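Residue numbers (numbering that gives the first Met the number 0), protein chains in the order written: chain A, 0 to 361; chain B, 0 to 280.
Since the hints were derived computationally from the structure, they do not count as laboratory data. Worth double-checking, as some hints may not be accurate.
[Stated by the list, open to error] If you want the ones that stay clear, here's a sample from chain A, every Cβ over 12 Å from chain B, calculated:
#1 100
#2 128
#3 318
[What the hints assert, rightly or not] Here are a few chain A residues that face chain B, going by a calculated C-beta distance under 7 Å:
#4 54
#5 89
#6 182
#7 315
#8 339
#9 343
#10 349
From a predicted model like this one, the values you see are computed outputs, not experimental measurements. Note that the Cβ used here is the ideal one computed from N, Cα and C, for glycine as well.
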Amino acid sequence: MPLHSLLDGYETVSAIPNMVFCETQDKGVGVTDIAVHSSAMESAGSCDRTRALNAFKLGDRAFYWTTRISAMLVLTLLGGIIISLVVGSWPAIVEFGSSFLTTQRWAPSAEPPVLGALSPVYGTILTSVIAMMIAIPAGIGIAIFLTELCPLWARPPIGMAIELLAGIPSIIYGMWGFFILGPILANTVQPFFIDLFEGVPILGSIFGGPPSYLSLFNASLILAIMVLPFITAISRDVFATVPPVLKEAAYGVGCTTWEVVRHVVLPYTRVGVIGGAMLALGRALGETMAVTFIIGNSFRISPSIFAPGTTISAAIASEFAESDGLHQSSLMLLGLLLFVLTFFVLAAARLMLLRLEKKAGK
Amino acid sequence: MNPIYASRRRRDFVVRTLCFVAAAFGVSWLGLILFTLFYNGLAGMSWQLFTQNTPPPGASEGGLLNALIGSIIMTVIGVGVGAPIGMFAGTYLAEYGKHDRLAPVIRFINDILLSAPSIIIGLFIYGAIVVPMGGFSALAGSLALAVIVIPVVVRTTEDMLNLVPNSLREAASALGLPRSLVIKRIAYRAARAGLITGVLLATARVAGETAPLLFTALSNQFFSLDLTNPVANLPVTINNFVQSPYAYWKQLAWSAALLITLAVLALNIGARLLGSERTAK
Numbered sequence: 000m001p002l003h004s005l006l007d008g009y010e011t012v013s014a015i016p017n018m019v020f021c022e023t024q025d026k027g028v029g030v031t032d033i034a035v036h037s038s039a040m041e042s043a044g045s046c047d048r049t050r051a052l053n054a055f056k057l058g059d060r061a062f063y064w065t066t067r068i069s070a071m072l073v074l075t076l077l078g079g080i081i082i083s084l085v086v087g088s089w090p091a092i093v094e095f096g097s098s099f100l101t102t103q104r105w106a107p108s109a110e111p112p113v114l115g116a117l118s119p120v121y122g123t124i125l126t127s128v129i130a131m132m133i134a135i136p137a138g139i140g141i142a143i144f145l146t147e148l149c150p151l152w153a154r155p156p157i158g159m160a161i162e163l164l165a166g167i168p169s170i171i172y173g174m175w176g177f178f179i180l181g182p183i184l185a186n187t188v189q190p191f192f193i194d195l196f197e198g199v200p201i202l203g204s205i206f207g208g209p210p211s212y213l214s215l216f217n218a219s220l221i222l223a224i225m226v227l228p229f230i231t232a233i234s235r236d237v238f239a240t241v242p243p244v245l246k247e248a249a250y251g252v253g254c255t256t257w258e259v260v261r262h263v264v265l266p267y268t269r270v271g272v273i274g275g276a277m278l279a280l281g282r283a284l285g286e287t288m289a290v291t292f293i294i295g296n297s298f299r300i301s302p303s304i305f306a307p308g309t310t311i312s313a314a315i316a317s318e319f320a321e322s323d324g325l326h327q328s329s330l331m332l333l334g335l336l337l338f339v340l341t342f343f344v345l346a347a348a349r350l351m352l353l354r355l356e357k358k359a360g361k
Numbered sequence: 000m001n002p003i004y005a006s007r008r009r010r011d012f013v014v015r016t017l018c019f020v021a022a023a024f025g026v027s028w029l030g031l032i033l034f035t036l037f038y039n040g041l042a043g044m045s046w047q048l049f050t051q052n053t054p055p056p057g058a059s060e061g062g063l064l065n066a067l068i069g070s071i072i073m074t075v076i077g078v079g080v081g082a083p084i085g086m087f088a089g090t091y092l093a094e095y096g097k098h099d100r101l102a103p104v105i106r107f108i109n110d111i112l113l114s115a116p117s118i119i120i121g122l123f124i125y126g127a128i129v130v131p132m133g134g135f136s137a138l139a140g141s142l143a144l145a146v147i148v149i150p151v152v153v154r155t156t157e158d159m160l161n162l163v164p165n166s167l168r169e170a171a172s173a174l175g176l177p178r179s180l181v182i183k184r185i186a187y188r189a190a191r192a193g194l195i196t197g198v199l200l201a202t203a204r205v206a207g208e209t210a211p212l213l214f215t216a217l218s219n220q221f222f223s224l225d226l227t228n229p230v231a232n233l234p235v236t237i238n239n240f241v242q243s244p245y246a247y248w249k250q251l252a253w254s255a256a257l258l259i260t261l262a263v264l265a266l267n268i269g270a271r272l273l274g275s276e277r278t279a280k
């Protein structure tokens with residue numbers, strides 16, 4: 000138990016002004032009763048216990064039910080989200096059925112409209128996977144740096160800087176990527192990779208040109224920067240749960256820092272780190288504004304990661320407000336797909352982290 | 000030197016360097032983003048921003064007054080609706096939930112809502128509020144923000160109440176305080192700093208939210224305080240201006256972005272200072 004919360008608490012008790020001791024000798028009880036000098040008591044004049052207790056009982060019940068109904072509201076929210084998504088996407092489900100998932104064409108103004116989710120689903124998964132490939136090593140590296148290597152005085156400011164990255168709204172990342180990062184990448188990183196892999200069979204088409212301001216790769220990099228703080232924060236927390244005696248024993252037999260991390264810290268915290276990474280994946284899958292500006296909103300699947308593409312959330316964000324009928328319903332269906340996808344990823348992440356908490360003996 | 004030992008030393012050095020590079024990588028993004036924001040945003044800072052409304056296409060003077068006011072109103076309503084509900088729900092989980100089999104389920108669902116994509120919240124509010132009400136409105140936008148606030152506040156409230164030692168509750172109960180007063184007068188006061196931190200963090204989270212507003216509150220070129228109609232707000236204004244061909248609009252987008260970032264970072268830092276003040280005592 001942290002000492003500060005105890006101290007806090009004691010101050011609180013002494014700070015309660017309206018508790019008074021009330022002698023009830025005149026009623027012949029003969030013991031010192033304690034009651035609360037509330038408005039209910041005042042209206043009763045002297046220590047009228049029954050009325051006061053009834054008022055307490057009523058207040059107690061009212062408070063209990065207020066909190067309970069609020070808690071139930073959280074469940075209702077989830078139910079409401081699922082119901083409104085299913086109702087909204089029902090026309091599209093009836094119209095397209097399972098072919099929705101396998102069609103690449105997205106032509107809302109064709110007659111009749113042809114709408115398929117293949118391209119946004121592909122874009123969503125691809126950008127998230129690339130983002131995780133960048134963010135997981137970097138995030139864990141920062142966590143190791145912060146817990147094992149960094150001098151003590153530098154830990155709070157660096158930790159805070161990383162956490163502030165998580166606080167920056169996603170639209171700021173989006174416009175920053177659109178105005179600043181996109182041009183930089185198109186002039187430096189992209190030509191480098193295109194030249195490097197030119198003529199190589201498979202890699203050549205994955206890193207195929209021409210360079211572009213708006214591309215799946217740019218979106219992935221922005222996503223990686225955005226989810227980095229989540230991975231770092233959770234890794235740092237779970238690294239802190241490693242008993243110091245284990246690390247000290249390893250250092251004691253002459254292990255290097257890397258060997259301690261590799262053979263003691265990481266095995267001990269594996270579940271937590273994976274849980275944190277999946278939580279970050281859940282974020283990356285659903286991230287909207289950062290991606291919408293820089294992905295190019297193209298519904299054509301291209302083998303190159305430097306080509307424009309789209310994601311589920313970018314498609315909804317850029318088209319929903321001006322859509323109607325079957326088009327809107329299809330966008331709702333895309334939303335439903337995204338929700339199901341993130342729900343499973345996040346649920347798996349939470350279950351892993353819960354398991355870790357149980358192990359830590361919470 | 001023993002060759003095995005030398006190779007272990009070398010490997011250790013390489014990994015240490017990589018970790019250092021990773022940290023530099025992370026911190027330099029923050030530096031780079033803040034630098035460009037200040038560089039481009041400060042260029043457009045003037046009193047005009049706070050005294051004039053958003054300009055029509057192609058105009059070369061105007062401000063962000065209507066968007067600022069609209070954003071503040073919607074954030075205040077969103078937090079005003081969401082924070083009490085979240086606080087009560089968090090109280091239930093921490094104080095009454097021990098013997099309720101539903102409590103773990105609620106906690107789990109809340110954790111998922113906490114990281115659910117905010118654009119889904121927008122779709123939900125569109126289906127649940129915008130369609131029945133017959134049009135986009137600031138009210139719908141505020142409610143979308145409230146839905147995002149609730150899980151954040153539930154989580155922090157529960158965590159903070161769990162930090163309050165049970166001996167305090169037992170002592171209060173032994174003095175004859177009924178349960179609701181134990182919670183309100185003892186637990187809430189002991190956890191006050193933490194509860195405020197939670198609300199501040201939730202405010203910071205929704206202050207820059209854009210995705211759920213795109214098709215709930217929409218935006219508005221003009222000054223409006225009518226909550227049943229679209230009202231201008233900063234995030235959606237940025238969204239519209241960034242993709243426009245007009246240089247002045249882009250300049251305004253940078254200034255708006257700087258304002259939002261400063262507000263959000265100030266809330267975040269304030270919340271953290273409040274939190275650390277409590278632990279330092």
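Hints versus structure:
1. For residue 100 of chain A, the shortest C-beta to C-beta distance to chain B comes to about 19 Å, beyond the 12 Å cut-off, and the non-interface label holds.
2. No Cβ of chain B approaches the Cβ of residue 128 of chain A within 12 Å, the least distance being about 17 Å, so the stated non-interface status holds.
3. With a cut of 12 Å on Cβ distances, residue 318 of chain A falls inside the contact zone with chain B, its closest approach being about 10 Å.
4. Interface restraint check: residue 54 of chain A against chain B, minimum CB-CB distance 9 Å, threshold 7 Å, status violated.
5. With a cut of 7 Å, the hint placing residue 89 of chain A at the interface with chain B is violated, because the nearest CB-to-CB distance is about 11 Å.
6. Of the supplied interface hints, the one on residue 182 of chain A is violated, with its beta-carbon coming no nearer than about 12 Å to a beta-carbon of chain B, more than 7 Å.
7. Against a cut-off of 7 Å between C-beta atoms, the interface hint on residue 315 of chain A holds, since the closest Cβ of chain B lies about 6 Å away.
8. Interface hint status for residue 339 of chain A: violated, as the beta-carbon distance to the closest one in chain B is roughly 10 Å, over 7 Å.
9. Interface hint status for residue 343 of chain A: violated, as the beta-carbon distance to the closest one in chain B is roughly 10 Å, over 7 Å.
10. At about 5 Å, the closest approach between the beta carbon of residue 349 of chain A and any beta carbon in chain B falls short of 7 Å, and the interface hint on this residue holds.
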